[in-house]
Amino acid sequence: MEHYHMNLTLKIWRQKNNKSKGSFETYQVKDISSEMSFLEMFDVLNEQLIVDGKEPIAFDHDCREGICGMCSMHINGEAHGPWAQNTTCQLHMRAFKDGETIVVEPWRSGAFPVLKDLVVDRTAFDRVIETGGFISVNTGNAVDANAIPIDKKNADEAFNAASCIGCGACVATCVNGSAMLFVSAKLSQLALLPQGAPERESRALNMVAQMDKEGFGNCTNTYACEAQCPKGISVANIARMNREYLSAGLGTEA
Amino acid sequence: MHFQFRTFVTPNIHYNILYMTWKLFFTSSIGKKITMGATGLFLISFLVIHALLNSMIFYNDGGETFNHWGHFMGSNLIIRTMEIGLMAFLLLHIVQGLKLWKQNTAARPVKYMVSKADSKSKWYSKSMGLLGTLILIFLIMHFYHFWVPSRFGGMFNVQALGEATLGQEYNNQTVHNLYQEMLNVFGRNLMVVIVYVLGCFSLCWHLLHGFQSAFQTFGVSHKKYTPIIKTIGVVYSVGISLLFASMPVAMYLGWVK
Amino acid sequence: MNSNIPHGEMSQKWEDYKGHVKLVNPANKRKLEVIVVGTGLAGASAAAALGELGYKVKAFCFQDSARRAHSIAAQGGINAAKNYQNDGDSVFRLFYDTVKGGDYRAREANVHRLAEVSNAIIDQCVAQGVPFAREYGGLLSNRSFGGTQVQRTFYAAGQTGQQLLLGAYSAIERQVALGNVTMFRRHEMLDVVLIDGVAKGIIAKDLITGQLERHGAHAVLLCTGGYGNVFYLSTNAMGSNVTAAWKAHKKGAFFGNPCFTQIHPTCIPVSGDHQSKLTLMSESLRNDGRIWVPKKQGDNRKGSEIPEEERDYYLERRYPAFGNLVPRDVASRAAKERCDAGFGVGTTKMAVFLDFADAIKRYGKIEVGKKALTNVSEAEIIVIGKEVVKEKYGNLFEMYEKITGENPYEMPMRIYPAVHYTMGGLWVDYELQTTVKGLYALGEANFSDHGANRLGASALMQGLADGYFVIPYTLGNYLADEIRSGAVDTNQQAFVDAEKIVADRLNKLMNIKGTQTVESFHKRLGKIMWDKCGMARNEKGLQEAIVEIQALKKEFWSNVRVPGEINEMNPELDKAGRVADFMELGELMCKDALNRNESCGGHFREESQTDEGEAKRDDDNFAYVAAWENKGESDWQLHKEDLSFEIVKPTQRSYK
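Protein chains in written order, with our numbering: chain A, 29 to 282; chain B, 213 to 469; chain C, 72 to 727.
Keep in mind the hints are simulated off the structure, nothing from the lab. One should not assume that every hint holds.
Using 35 Å as the maximum straight-line C-alpha spacing, the simulated DSBU-like pairs for lysine-lysine come out as follows [what the hints assert, rightly or not]:
id	chain 1	residue 1	chain 2	residue 2
1	B	K328	C	K461
2	C	K646	A	K47
3	C	K611	B	K436
4	A	K241	C	K102
5	B	K332	A	K47
6	B	K332	A	K241
7	B	K436	A	K47
8	C	K473	A	K180
9	C	K322	C	K84
10	C	K321	C	K127
11	A	K125	C	K102
12	A	K47	B	K323
13	C	K473	A	K39
14	A	K44	C	K473
15	A	K82	C	K624
16	A	K125	B	K323
17	A	K180	B	K442
18	B	K436	A	K58
19	C	K89	C	K322
20	C	K441	C	K100
21	C	K579	A	K44
22	C	K322	C	K508
23	B	K436	A	K39
24	C	K441	B	K435
25	C	K473	A	K82
Cβ pair distances, simulated, as ranges [unchecked claim]:
id	chain 1	residue 1	chain 2	residue 2	range
26	A	G260	C	S375	27 to 37 Å
27	A	A225	B	T317	32 to 42 Å
28	B	I291	C	L210	57 to 67 Å
29	B	T443	C	K420	55 to 65 Å
30	C	A412	A	N169	48 to 58 Å
31	A	G260	C	N668	45 to 55 Å
32	C	N371	A	I176	53 to 63 Å
33	A	A225	C	S375	50 to 60 Å
Note that the coordinates shown come from a computational prediction; the quantities given were computed from them, not determined experimentally. Glycine included, every Cβ here is placed at the ideal spot set by N, Cα and C.
Put together the whole structure using the sequences plus the hints.
Next comes the structure, spelled out in structure tokens:
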């Protein structure tokens with residue numbers, strides 16, 4: 029891999045806090061190495077801003093290895109930027125060319141209000157989980173781990189659904205701002221496992237109800253979420269959620 | 213949106229369990245999707261009948277076969293009853309569609325300056341509202357041309373339909389001459405033909421998304437069956453739209469007289 | 072030092088303890104408040120388990136959700152003594168391996184308890200819906216890990232930490248819904264409040280508004296992880312910090328074995344000055360990859376272009392018995408030795424090769440044999456072999472390519488050791504209580520279970536053991552005496568004073584208005600620590616480091632620039648506080664390393680090595696836990712907890 033350096037123009041959303049109105053600011057960064065990660069390029073810019081006596085750009089990030097789900101930038105029109113199945117922190121600067129202009133925006137969703145600059149509030153996801161994204165088993169109650177064999181196919185599929193990192197790229201990408209990929213991934217994981225069976229119906233009804241309450245948009249099956257998801261969560265999960273909801277909503281008395 | 217909660221309290225734990233009424237079910241996000249899918253599939257099945265019957269014009273028998281079946285559809289009590297259902301479903305499809313559009317627009321109050329979401333999914337999947345609106349405009353015209361005169365005669369400044377007497381094969385019945393109405397509408401006016409063909413294009417794209425989308429909404433997602441459903445969806449959408457579009461074109465060009 | 076270890080036989084201690092521990096009745100539990108700081112495996116499991124019992128729990132995390140704590144990044148797996156593979160595993164063996172792996176610097180009773188509860192952890196996680204890997208028969212799958220002789224590691228692909236944390240997270244969110252746990256997201260603990268020497272609450276900062284908050288409770292649990300970020304570059308998350316533990320330390324909690332740091336041998340090397348963090352490549356790669364450097368110093372050729380006879384497979388050469396599978400600390404030091412001697416590769420020359428070319432050929436041949444193919448060319452064997460390697464390690468190879476832009480199927484990977492885990496932490500007794508009454512430390516934040524070196528797949532086990540199965544018992548023993556104390560009033564003078572001290576410090580940081588950024592100080596601290604208190608340490612270097620850190624600290628407090636304002640979201644201010652604490656900790660680490668004039672586990676003192684350059688432990692003089700008491704600025708007093716080994720008798724490790 030040939031390494032190179034580049035100068036870039038950045039158009040970044042700045043917003044002081046939740047109450048204020050934001051706007052785009054333009055910045056120049058020089059001599060960025062193609063080996064840097066996208067967030068390291070932001071580090072360089074922030075250092076430069078601090079030295080210049082300006083306020084650095086606030087952005088969410090933590091593990092920087094693509095698993096915590098904290099980073100959340102909409103880069104040149106795409107959640108997490110141009111690489112497929114990738115998070116912002118794993119995006120590297122070799123994805124860009126010298127002289128390019130990069131536009132960076134926060135996740136845009138009514139359910140994810142901007143807190144500052146590129147930082148948004150995703151606690152709506154936590155509240156959805158609170159209504160049913162769990163199996164009610166108190167500590168110490170469990171039977172032996174091998175007491176219930178689970179079909180490997182179902183276990184693997186549950187794992188695939190469970191690999192969701194809760195970053196919100198699905199919401200950010202969906203033309204309708206729908207959270208159904210996120211919600212369905214958790215519902216699927218628990219619906220596919222025998223341990224999840226006792227609460228299957230109430231879980232589907234409660235989680236969907238909370239999702240609606242949070243003000244997320246509605247799924248119209250465009251499947252853009254799947255294409256943009258850093259973990260490649262499948263829209264087959266949304267179909268499963270629809271099924272779960274149908275049978276819970278129409279098949280039960282209450 | 214309001215939900216009723218029934219609270220169960222045990223000594224240590226209390227759960228909120230949603231009490232699912234019909235209203236709650238159909239006003240929820242997934243309930244709305246299911247309404248859209250179900251009414252959509254009903255309309256899809258209606259289109260099959262509609263297209264089949266209209267194809268009778270291709271007998272090119274001066275409209276005899278066509279008018280006979282047109283009369284059958286217009287006079288059969290079961291079909292007339294179903295027509296009420298059809299209208300209700302169409303209305304429901306439109307109203308839910310508008311509600312969805314409103315909810316979805318509200319979900320993103322601040323838009324992106326740059327969005328490449330287009331490259332991630334089909335444009336028509338994201339333009340169902342627009343396509344639906346185009347179809348609605350088309351439908352108003354279509355109703356004005358055919359449905360209103362056949363059902364309500366001279367209402368709304370519409371010319372009442374003429375009558376035709378069918379041949380021996382059809383017991384010499386006298387029926388509305390819908391065939392003549394088609395010739396009147398399509399035979400002379402190029403603009404109308406173009407609008408109808410465009411309407412069929414909108415329908416095609418609307419169906420291309422809607423057909424497979426309805427199955428996803430009903431939770432049908434299967435490695436073996438979903439590809440088949442998708443293929444059928446494409447064949448159906450393109451086929452039925454071409455068939456409909458061919459009718460005004462054939463009449464305008466005089467292939468069908 | 073009184074570690075409160077129950078009397079009796081090792082295998083009966085925990086049972087006996089549980090049988091005699093004091094209990095709190097359900098009605099009283101509702102009146103008792105517990106603060107849990109941190110929501111990783113230890114914190115989330117503790118908060119959930121205590122909430123289930125009926126305590127009123129307040130849980131704090133600095134991230135935007137409990138689900139993001141850095142436990143989520145653990146890849147490999149979690150150990151348990153289930154013996155599902157019928158290969159001779161048992162609670163005793165897990166206990167034995169952990170004490171031995173820790174190079175005889177862990178407390179036996181704690182480790183035995185850890186091994187005892189390990190099985191219940193797996194049961195609990197499966198019941199929560201954690202999707203562990205399974206066999207075709209539907210039963211759980213195991214793999215071997217970290218050089219143990221049994222297969223006792225449970226895993227969920229390369230995302231075991233993620234799945235376990237999401238399980239604990241779901242349990243905590245369930246308690247939130249039930250009203251037993253209150254979550255404080257984007258909150259950072261900035262001090263512990265003591266009343267009459269007993270922990271009664273904390274001062275926390277709302278990171279969105281910058282406001283300080285007082286929170287009272289009957290006990291405070293610190294589950295705040297490790298402090299590897301003192302080295303600036305580590306595999307820790309960017310936000311991982313020592314602040315909570317450090318504040319506790321300054322309020323009287325002793326710090327145990329601060330110098331014990333684990334350096335993981337297989338990480339993606341630093342690519343330049345811009346580097347902000349290091350990424351681990353699972354240890355499992357060493358099962359098939361061969362590690363080497365060129366025989367010639369400063370060889371600039373591509374790895375694939377260097378012929379076989381010009382390569383030095385130094386691990387295989389030095390350790391013929393274990394070869395590439397020597398323990399983490401040994402592999403790490405050997406890589407450093409080669410690079411320091413000028414044999415390193417890559418642009419920075421601080422890397423060694425991890426090569427799969429042989430494995431690809433070997434697997435290719437096996438596959439050809441399996442399928443009974445004939446007339447297969449060398450090139451075709453390689454193609455087939457690559458497929459096999461892809462199936463085993465595909466996701467890791469992909470990650471490597473994403474970060475470096477190099478294709479590891481064609482070119483040997485470059486790796487280098489990186490700081491990964493800190494075995495040291497707040498000193499705790501058997502009940503996980505620090506030297507401050509009512510203040511507890513769980514998981515990586517305490518020092519107790521891993522001695523001087525942690526075995527692979529044991530961190531997840533310890534975090535969940537502490538949270539799910541230890542603290543619910545030991546905390547009750549303390550809180551049973553608190554039932555009469557009533558709600559904690561946060562208007563008491565101690566709270567007012569603590570808040571003022573925190574506020575003053577924040578104001579001080581804001582008002583320095585110097586010229587250097589927080590990040591630049593952190594980088595400089597990291598460099599001192601890595602160079603002089605890293606993989607190899609010596610007296611001279613450590614003494615220099617202490618002086619350098621003190622000077623750096625002085626410069627920081629006179630010349631740091633913190634932009635923005637105090638009453639708003641200000642990540643730079645948050646970072647400034649953390650770096651200031653890291654500097655103080657760094658000094659203590661050097662002091663501890665200087666004091667421990669022996670080599671054990673991850674701690675290598677150059678003065679204490681064999682003629683062949685291997686680590687030499689000194690049990691006569693150093694078989695103790697160094698517990699440091701803070702006495703003021705740059706002033707610590709050493710307390711020793713002597714370690715006696717009743718069951719696992721210390722021997723010198725050898726991998727030759």
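We went through each hint and held it up to the structure:
1. K328(B) - K461(C): Distance ~32 Å between K328(B) and K461(C) Cα, so the pair holds.
2. K646(C) - K47(A): 25 Å, holds
3. K611(C) - K436(B): Cα-Cα ~70 Å, so violated.
4. K241(A) - K102(C): OK: K241(A) and K102(C) at ~33 Å, within 35 Å.
5. K332(B) - K47(A): 32 Å, holds
6. K332(B) - K241(A): 27 Å, holds
7. K436(B) - K47(A): 51 Å, violated
8. K473(C) - K180(A): Holds - the C-alpha atoms of K180(A) and K473(C) are around 30 Å apart, at most 35 Å.
9. K322(C) - K84(C): 31 Å, holds
10. K321(C) - K127(C): Given that 35 Å is the threshold and the Cα spacing comes to 27 Å, the pair holds.
11. K125(A) - K102(C): The given pair, whose Cα atoms are some 61 Å apart, is violated under the 35 Å limit.
12. K47(A) - K323(B): OK: K47(A) and K323(B) at ~17 Å, within 35 Å.
13. K473(C) - K39(A): 25 Å, holds
14. K44(A) - K473(C): Holds - the C-alpha atoms of K473(C) and K44(A) are around 34 Å apart, at most 35 Å.
15. K82(A) - K624(C): Given that 35 Å is the threshold and the Cα spacing comes to 24 Å, the pair holds.
16. K125(A) - K323(B): 27 Å, holds
17. K180(A) - K442(B): Holds. K180(A) to K442(B) sits at ~28 Å (cutoff 35 Å).
18. K436(B) - K58(A): Since the Cα atoms of K436(B) and K58(A) sit roughly 52 Å apart, the hinted pair is violated (cutoff 35 Å).
19. K89(C) - K322(C): 30 Å, holds
20. K441(C) - K100(C): 63 Å, violated
21. K579(C) - K44(A): Between K579(C) and K44(A) the Cα gap is close to 23 Å, so the pair holds against 35 Å.
22. K322(C) - K508(C): 11 Å, holds
23. K436(B) - K39(A): Violated. K436(B) to K39(A) sits at ~46 Å, over the 35 Å cutoff.
24. K441(C) - K435(B): This hinted pair holds, its Cα atoms lying about 30 Å apart.
25. K473(C) - K82(A): The hint holds at about 33 Å.
26. G260(A) - S375(C): 27 to 37 Å: Since G260(A) and S375(C) have Cβ atoms about 31 Å apart, the given range 27 to 37 Å holds.
27. A225(A) - T317(B): 32 to 42 Å: For A225(A) and T317(B) the Cβ distance comes to about 38 Å; the hint holds.
28. I291(B) - L210(C): 57 to 67 Å: 60 Å, holds
29. T443(B) - K420(C): 55 to 65 Å: 58 Å, holds
30. A412(C) - N169(A): 48 to 58 Å: 57 Å, holds
31. G260(A) - N668(C): 45 to 55 Å: Holds: the Cβ-Cβ distance is about 52 Å, inside 45 to 55 Å.
32. N371(C) - I176(A): 53 to 63 Å: For N371(C) and I176(A) the Cβ distance comes to about 58 Å; the hint holds.
33. A225(A) - S375(C): 50 to 60 Å: 53 Å, holds
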